[in-house]
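Q: If you want the building blocks of each chain, they are given just below.
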Amino acid sequence: MTSWTMSAALNQALRDALTADDRVILLGEDIGVSGGVFRVTDSLLETFGDRRVFDTPISEAGIVGAAVGLCFGGWRPVVELQFDAFSYPAFEQIVDHVAKMRMRTRGRVDIPITIRIPAFGGIKGKEHHGESPETYFAHTAGLKVVTPSGALDAYALLRHAIEDPDPVIVLEPKARYWSKEEGELGPDELALGTGRVVRDGGDVTLIAYGGMVARIREAAEQLAHTGIEARAVDLRWLSPLDDDLLRRCAVETGRLVVVHEAPRHVGFGAEVAARTMELAFDSLAAPIARVTGWDTPYPPASLEDRYLPSVDRIVAAAKETVAY
Amino acid sequence: MAEPQVQPPTHWGGTEPRRVLAPDGSVVGDPAVRLEADELRAILRWMVLARRLDRECIALQRQGELTVYPGFEGQEAAQIGSATALGDADMVWPTFRELAVALVRGVDPGQYLQYHRGTWHGGPYDPRATRFGPICIPIATQIAHAAGGALGQQLDGSHEVSIAYFGDGATSEGDFHEAANLAGVWKLPLVLFCQNNGWAISMPAAQQTAGEIWRRAEGYGFPGVRVDGNDVLAVYAATREALERARRGDGPTLIEAMTYRIGAHSTADDPRRYRADPEVEAARASDPIARFRTWLIAAGHADDTFLAECDVEAERFAMTVREGVVAIPAPPPEWQFEWVYAEPGETFQRMRVEAMG
Numbered sequence: 023m024t025s026w027t028m029s030a031a032l033n034q035a036l037r038d039a040l041t042a043d044d045r046v047i048l049l050g051e052d053i054g055v056s057g058g059v060f061r062v063t064d065s066l067l068e069t070f071g072d073r074r075v076f077d078t079p080i081s082e083a084g085i086v087g088a089a090v091g092l093c094f095g096g097w098r099p100v101v102e103l104q105f106d107a108f109s110y111p112a113f114e115q116i117v118d119h120v121a122k123m124r125m126r127t128r129g130r131v132d133i134p135i136t137i138r139i140p141a142f143g144g145i146k147g148k149e150h151h152g153e154s155p156e157t158y159f160a161h162t163a164g165l166k167v168v169t170p171s172g173a174l175d176a177y178a179l180l181r182h183a184i185e186d187p188d189p190v191i192v193l194e195p196k197a198r199y200w201s202k203e204e205g206e207l208g209p210d211e212l213a214l215g216t217g218r219v220v221r222d223g224g225d226v227t228l229i230a231y232g233g234m235v236a237r238i239r240e241a242a243e244q245l246a247h248t249g250i251e252a253r254a255v256d257l258r259w260l261s262p263l264d265d266d267l268l269r270r271c272a273v274e275t276g277r278l279v280v281v282h283e284a285p286r287h288v289g290f291g292a293e294v295a296a297r298t299m300e301l302a303f304d305s306l307a308a309p310i311a312r313v314t315g316w317d318t319p320y321p322p323a324s325l326e327d328r329y330l331p332s333v334d335r336i337v338a339a340a341k342e343t344v345a346y
Numbered sequence: 004m005a006e007p008q009v010q011p012p013t014h015w016g017g018t019e020p021r022r023v024l025a026p027d028g029s030v031v032g033d034p035a036v037r038l039e040a041d042e043l044r045a046i047l048r049w050m051v052l053a054r055r056l057d058r059e060c061i062a063l064q065r066q067g068e069l070t071v072y073p074g075f076e077g078q079e080a081a082q083i084g085s086a087t088a089l090g091d092a093d094m095v096w097p098t099f100r101e102l103a104v105a106l107v108r109g110v111d112p113g114q115y116l117q118y119h120r121g122t123w124h125g126g127p128y129d130p131r132a133t134r135f136g137p138i139c140i141p142i143a144t145q146i147a148h149a150a151g152g153a154l155g156q157q158l159d160g161s162h163e164v165s166i167a168y169f170g171d172g173a174t175s176e177g178d179f180h181e182a183a184n185l186a187g188v189w190k191l192p193l194v195l196f197c198q199n200n201g202w203a204i205s206m207p208a209a210q211q212t213a214g215e216i217w218r219r220a221e222g223y224g225f226p227g228v229r230v231d232g233n234d235v236l237a238v239y240a241a242t243r244e245a246l247e248r249a250r251r252g253d254g255p256t257l258i259e260a261m262t263y264r265i266g267a268h269s270t271a272d273d274p275r276r277y278r279a280d281p282e283v284e285a286a287r288a289s290d291p292i293a294r295f296r297t298w299l300i301a302a303g304h305a306d307d308t309f310l311a312e313c314d315v316e317a318e319r320f321a322m323t324v325r326e327g328v329v330a331i332p333a334p335p336p337e338w339q340f341e342w343v344y345a346e347p348g349e350t351f352q353r354m355r356v357e358a359m360g
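Chains as they are written, first to last, in the working numbering: chain C, 23 to 346; chain F, 4 to 360.
So that you can see chain F by itself, here it is in the shape it has in the complex (with noise of 0.2 Å):
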């Protein structure tokens, strides 16, 4: 087995991830799924999607038309893969970060961006239709709405799959604990899927928890595993055998996906207050695009004009989705009232009416 060349960052300590890439493309594990070439160059082409429109987010950001914007450079194997590997039905509860998977699981980004537009609360997307639930911001609370998810498909019979996405700092929080404790009890069909990107804002995952957090899982009786996070083959295969673990019917499985958040944690973040730039750059070292592409390349599954063509249909891309976005009008007032309740009483419709004048 070669060894890496690129050190991975500092908070990767401990238990090696399973891995399939090494940061320099080599291939230094077993793939243990094997996906087509024209799946292979699918994946390769969301990742650098995602990776443009996340910095034409942060453009957007910087230029007015957007509010704070939480990027995810680096994060992009965790997410895509994890995403690929998801069936039609398959159920994501994701946090503010997962705009790669919503790409993936085809939301409209110009109706996804609207949230950080500051036209819309949660999410204005069908999340019924889309598979992708809200944009929820207060955090580990989305993973018992994913539990409860799981529930109500275990007791349909069907054999979709709820997964949580979520960060090293959700971890600490007792919603993470609630709702991986009921998903070992009830055996639930949940993928529970952590990203550790090193950093909960200024919290260093180290200062997070003690322990490593994929070991918790043996606590609440279902597996647990460890991943490279910017080895998306190694990503996409964690998350297939999860899911059809719990489409079995064995229930959960928690994934930490080593992985590093290039960026601040959002707009309004200035990470130089605590963290030093010799750490961003060993990290971006280990830059998840780079080692697939290296690979795909090597391995004959693609070449420099794929490579050429997803540059330009990146920056199609991000161009079509700035032009949505710019032109998202702010909602009617009278949205205020519209979905509060279902049924209002007769005070709260006696506001609206003088609410609107």
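Next up, chain C with everything else stripped away, as it sits in the complex (with noise of 0.2 Å):
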């Protein structure tokens, strides 16, 4: 068994799927001859060159736009914006653009584009360095999501996203980045949109994605030592989502806590209660708890454990719902 960083298991896949399709080209700041400031692109440069993969100026908007005048020329090619904040300059690309281009062009031109996005918080860094833009993406018709917790599910999700005929966000939890996971990487063996139980339970259904995975494991331990058999489920794809996982969880369990970074408001978590409340209402035993940021700007890093959901916020909650 190799064990992997999750930046190592991207790594790996970059490299494959650059050898495996010639059409396969990145473009991103700072990921050649540095390797990407997560290392993700860690000596990629040196071996594909400089054709397949460029370091471009600080021009979000214009290698966004630009990804979308390639596919037209049948390239695949790999976009990473460096941190979450900075996916913002290149919106305007992704919706009008990225996510709309096939159905305009009826469907002649595909845009096979993938766009790295490391994100979240979580790592005490700057402003504007650990947002949470996945309802932005996830809201947009056109644009597949997916965000791995791990460094297995990391590289076959990114190789996914980089063979999809459609344009995928990969949100990649930065928190994450190194942690390690034992395993042999492989292609995906759950189809697109697929969530995964990673730990069952009969009491409780704890959802998450990204970095809050671990968290939520980790609560779902806890609660185990006070009688309560929690399930911890990864969402993994925010876009398409996994209704029937959703629909099977609150048969089983009846009672649903969703956890994110990102704020409460018009958070993913809404998406997920809405949605389940349509599925199986009658299967539910408790209202569905959100456990997320707040409805603030991401804080300082001093304040950074007092807005992330903490495993002791899951905890409580999830202990209410069973008790409702």
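Since the hints were made in silico from the structure, they are not lab data.
Cβ atoms here follow ideal geometry from the backbone N, Cα and C, with glycine treated the same way.
Possibly wrong hints are sitting among the right ones.
Stated by the list, open to error - Taking beta-carbon pairs under 7 Å as the criterion, some of the chain C residues facing chain F (in silico):
# : residue
1 : I80
2 : T216
3 : L263
Stated by the list, open to error - One-sided and incomplete, this derived list gives chain F residues near chain C with beta-carbon spacing under 7 Å:
# : residue
4 : P130
5 : A147
6 : Y344
Make the complex out of the two chains shown on their own, each in a separate frame, by following the hints.
A: Dropping the structure here:
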């Protein structure tokens, strides 16, 4: 068994994708010589050369727009936007063109762009380095949005994203880049839009994605000491969303707690709650609880721990839901 | 060199644009590129057809057969001159005002006008086969697509060139800057073709930017040229030179074609709210078709019979397009879901079933 950090697994995914398809090219700021600020593209420039791996000017809208143009020539661009908040300059290109170009051309031009974004908080970052932009993208028809929680899924999901004929936003939880996972890298054994039960239990379901998956697993372990068996679910895909899994969890546990770093207001938890209600209202034994970041801008490093959903907050919400 | 007898539009101050024909049709500059008589006549024919169709489109909108339509009257030389210079495999990245370019590229006007008929976004023609990209409304965003398209052409080792069309207003957008910068750094086979038509809806060019647009090229490390956009021969020559430069691997060129938007920004716009009629009348005196026609006759490349044939053909053309446009059906409702994803998820498929009943 090999031990992989998420950063190394993502690097291997890019390496394998570049090898498998000579129309795959990488564009991003500091991804070449420097190997990316999180080293995800380490040594790819050396291996594949500067006609496959492009160190770009600081130009998020420019490189995402260029990626759209590249698709018309049959290229398969993989763009790195260095940090979550730096995806915003490219927002117009992503929403107006990346998401809609296939429809606008009546399917004549596929847009198989992968946009990798180191996302979410938890690394004591500067402002604009801890954002949770998932709902902006998940709300946009034409995009797919995926976020891995561990190294093995990171490999599988990034390979899937690059091979997918549609544009995929890959939100890489930067707090998990250096966390390790044992196993062999390989293609995703689950279908597009499929979440995963990462710990089973019948009393309550804890639902998360990205960096919060580790936290709901920890919360589930703590709950077990108090006699509550919690199921932990990693959604993986935010678009498409795994309706069947939500329905199953509602039917089988009757109680759900959804956890994310983003602010609560119009956060992804609202979609999870509304959809579960539509799918399985009669199975619900308690209101669906949301444990989220606060409805404030992401805080400075010294306040980060009070902003992010803590294990304590998740445990408390789960207990309240079970006791309802 | 003869003095132009008619003053160009007011926003043309500063650097004199490159010019072959004066507004009165007299020769004032070196055409640089020699065109045969039949090629010259073909250019005039396209200009006449394009103007007639543009007017027909405005009529169609007034009659409720098209939704909002953005006219291009006055810009025929800029559009036809540049489009005629392109090679078959060169790729055009238009805005929403390049119907004349589309005609020269062989885009079926009936398909193109589905956009303005309100039956499809983007453009239902095949952008790869026609080498004419989707109609693009978000200002300047298509220039970044053109940069990417040009990068792909460069990586493929082809000798194809991309040309991005945009207006004076687009040069205030970040995407113009980002695309121009990428083009310079990567020495892309790209022509940045700005039609400075004086007005971005109600904003005059002088308030849009304090400098001259063509001069910006220097900051990006490639040449810029200002050309009389109402002089089809000057536009053709400047575009040809830029294309050849790009094909040689010498990188991009920024062309600022000085022209004038005679009509409204679109059929939803009332230009009397922001500009005076005398300005428009002065601009009409610099009409690109009259100028070229005068010279063609004087130089013996065309005669009155040809001009009359053009007018007859333009009338027939407009009527044929009109018949096609009014017959465009509404798209089937299921098309709303058809091309959103190549491989949709199950939730999307369920919604499709829900919507279609």
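Q: Does each hint fit the structure? Answer for all of them.
A: Verification of the hints:
The interface hint given for C/I80 is broken, as the beta carbon of that residue sits about 9 Å from the closest beta carbon of chain F, more than 7 Å. Look at C/T216: its Cβ only gets to about 9 Å from chain F, farther than 7 Å, so that hint breaks. At its closest, the beta carbon of C/L263 sits 6 Å from a beta carbon of chain F; the interface hint therefore holds under the 7 Å criterion. For F/P130, the interface hint holds, since its Cβ comes within 7 Å of a Cβ in chain C; the closest pair sits about 6 Å apart.
Because the beta carbon of F/A147 sits about 2 Å from the nearest beta carbon in chain C, less than 7 Å, this interface hint is met. Against a cut-off of 7 Å between C-beta atoms, the interface hint on F/Y344 holds, since the closest Cβ of chain C lies about 5 Å away.
In this structure, the hints that do not hold are numbers 1 and 2, in rising order.
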